[in-house]
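**Student:** The task is simple: from the sequences and hints, build the whole structure.
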Amino acid sequence: MKRTAACRVVAPLAFVVLCAARPAEGQANVKVVLTDVVDDRISDGMGSGGLVLMLNLEGEGLEAVKSARMRVKEAKDDSGKNLVNPKTRPPEFSDRNSNAGNIQVALDNPPRSATSMRISGTADLFLPGRDPSSVVKVPGFQARPGKPVTSKGLKAAKVELTVLSKESYVEARKKNRLDEKKIAEIRAEAKERGMKDEEIGPLIEMAKAFDEMGESDFPEHGLYLQLPKASEEKIQELWLETPTGERIETGGYSARTDKDVVLKQIDVKKALPRDAVLVLSLFTEKAIVSVPFDIKEVRLP
Amino acid sequence: MNATRNSLPLLLVMALVAAPAAAQSKVKSKPKPAAKTEAPAPAKATPANATLKTVQDRRTEGHFPRCTLGIELPDIPAHEARASRVVVMKAVDDLGTNLVREDAADTRLEPTQRGSFGKPKDGPPPPTIVFAELKNPPRKATTLKEVSGEIELYIPGRDPNGEAEFPKILSMAGKPLAHAALKENGVEISVLSEAQIGVERKKAGEAERAKAKKEGITDEDTIRSMVEYAVDSFPKGGEGQIVLRVKDPKKAIQDFKMADGEGNPQFNGKSDEAGLTILEFWGDKPKPDWTMKVLMQSDRSLVRHTFVFRDVPLP
Chain A
1 MKRTAACRVV
11 APLAFVVLCA
21 ARPAEGQANV
31 KVVLTDVVDD
41 RISDGMGSGG
51 LVLMLNLEGE
61 GLEAVKSARM
71 RVKEAKDDSG
81 KNLVNPKTRP
91 PEFSDRNSNA
101 GNIQVALDNP
111 PRSATSMRIS
121 GTADLFLPGR
131 DPSSVVKVPG
141 FQARPGKPVT
151 SKGLKAAKVE
161 LTVLSKESYV
171 EARKKNRLDE
181 KKIAEIRAEA
191 KERGMKDEEI
201 GPLIEMAKAF
211 DEMGESDFPE
221 HGLYLQLPKA
231 SEEKIQELWL
241 ETPTGERIET
251 GGYSARTDKD
261 VVLKQIDVKK
271 ALPRDAVLVL
281 SLFTEKAIVS
291 VPFDIKEVRL
301 P
Chain B
1001 MNATRNSLPL
1011 LLVMALVAAP
1021 AAAQSKVKSK
1031 PKPAAKTEAP
1041 APAKATPANA
1051 TLKTVQDRRT
1061 EGHFPRCTLG
1071 IELPDIPAHE
1081 ARASRVVVMK
1091 AVDDLGTNLV
1101 REDAADTRLE
1111 PTQRGSFGKP
1121 KDGPPPPTIV
1131 FAELKNPPRK
1141 ATTLKEVSGE
1151 IELYIPGRDP
1161 NGEAEFPKIL
1171 SMAGKPLAHA
1181 ALKENGVEIS
1191 VLSEAQIGVE
1201 RKKAGEAERA
1211 KAKKEGITDE
1221 DTIRSMVEYA
1231 VDSFPKGGEG
1241 QIVLRVKDPK
1251 KAIQDFKMAD
1261 GEGNPQFNGK
1271 SDEAGLTILE
1281 FWGDKPKPDW
1291 TMKVLMQSDR
1301 SLVRHTFVFR
1311 DVPLP
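Protein chains in written order, with my numbering: chain A, 1 to 301; chain B, 1001 to 1315.
If you're looking for bench data, these hints aren't it; they were derived computationally from the structure.
Hints are supplied without guarantee of correctness; some may be wrong.
As the list claims (entries may be wrong) - To give an idea of the interface, some chain A residues facing chain B are shown, with a C-beta separation under 7 Å as derived from the structure:
hint	residue
1	Val38
2	Asp40
3	Ile42
4	Gly201
5	Pro301
The beta carbon of each residue, even a glycine, is placed where N, CA and C say it ideally should be.
**Tutor:** Structure, rendered in structure tokens:
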């Protein structure tokens, strides 16, 4: 009897474990392929050109890969010039559903006389099915607006976030608006890039126009969040569910980053139920599989 | 859910991408008329005071390969030139490659980036910058031996009848707009009121019913769905649209520009549907104090210049 009872418990558990492990075994022959090369060459002064490689993944079981990023180890042209810019920001994960799965890798321009280049590195594949703790559910997340949300799962992943009231969020956005200090910073950066005063004017006007965008667009039934940038970078996706696990319909969302703080608003179609559950898909170490790549001959256009 | 991240550095990058005129001045143009392909219009072109500011050689076997020259015209403030086109007539690199695009003569007058922002409130206005597009030179090429052609600028301020301004445009719904500049250019415009749009929608439905009968369609359900579709797809007006009836036999109208009560530009889309012109607003909806400006072309407002650049180093 005891054994039977144990089997009743163990069998479903084993099934769950197997299901969780399956995606890890599901990927085969995964490799990184080159889909496009853009050598954008701009005369001195602007410095905004560069060599962009579009990389994608090929192989079996890729449907379980939610997002991916490409970390470049080495990129050199046929003259031996290093094309990796040390100032480039660390690569972020890209959703596999966007841009047909293509991931941009930005490098320095090779000289005009170069004809080919070689690139090697590692593709990181995010497979949430490999790590059950990569999905964190936070019931009661609306309980303490203005205070960091408490959740074991979030704490373990070192993710911090705060739910704001609409009023607090609007106030925080106001503080983030383009002020004289920020305009002076843009002006200084533009000057550093060699722009003239008469060229900086339209740039500032454009920055102001972007700053205006969405400033009166705070949905009536919105979810308003404030989180440190480091936490935001760990979130692959977030959504809302009912306590029974049904997804709550949401509209678009937008985020505004200012230095180390991200303000994020999510348009909710109807008033959010008090018992709604916030669900986060997190980039955890266990959920990431690394695949090395080495593309030896990239012909330059 | 896709995030829109609007950090300050991103703002700056976006703005920089949209304002590719920041490079050092490289080559002063040596005015020399040149004509290998057909000029864009018959009016007399004069040599431009032009400086080549940027060369962008965007090389790819994928989408949008092109070599673009950014040409600055220091004598013409950016807010005055509302549209431009550059027709490249000759372009050759040091290997002798012909870089003139097959569609070079078809280039159309397009609104200028800088012109759309109006006169800056502070500081000196930036100069106009226009863009000439070529084929990519081969990788082995090192210089552009010669690039020449013609620049056409639409400067409505040069013609007293080039602009017609209508403050509080919403209050003019239901009647024809009266302005000397419209009359001079043979243009007639009416702003349709909600009631007029309703009448027009009804007429569209009736016209569709008559058309169906003429085509021998007898099934009433089919006719009803055709009529419903015609009425549904007819411009609806409402707070996000201004619906105009426009007669412009000389095709003088270049653009419609909107500004709010403080004179700030308000961007809109323009489309022609069912014989009407629709101005559509996705951001702020038109308010009672908004102004509509009709920009019109004429021989006086279309300014033509020739340009030539030689021995331009390729990036």
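**Student:** None of the hints should be skipped; say for each whether it holds.
**Tutor:** Here's how the hints hold up against the structure:
1. This hint holds: Val38/A has a C-beta 4 Å from the nearest C-beta of chain B, less than the 7 Å allowed.
2. Interface hint status for Asp40/A: upheld, as the beta-carbon distance to the closest one in chain B is roughly 5 Å, under 7 Å.
3. Of the supplied interface hints, the one on Ile42/A holds, with its beta-carbon coming within about 5 Å of a beta-carbon of chain B, less than 7 Å.
4. The restraint placing Gly201/A at the interface with chain B holds, with a minimum CB-CB distance near 5 Å, inside the 7 Å limit.
5. Proximity of Pro301/A to chain B holds as hinted, the smallest CB-CB distance being about 4 Å (cut-off 7 Å).
In summary, this structure violates none of the numbered hints.
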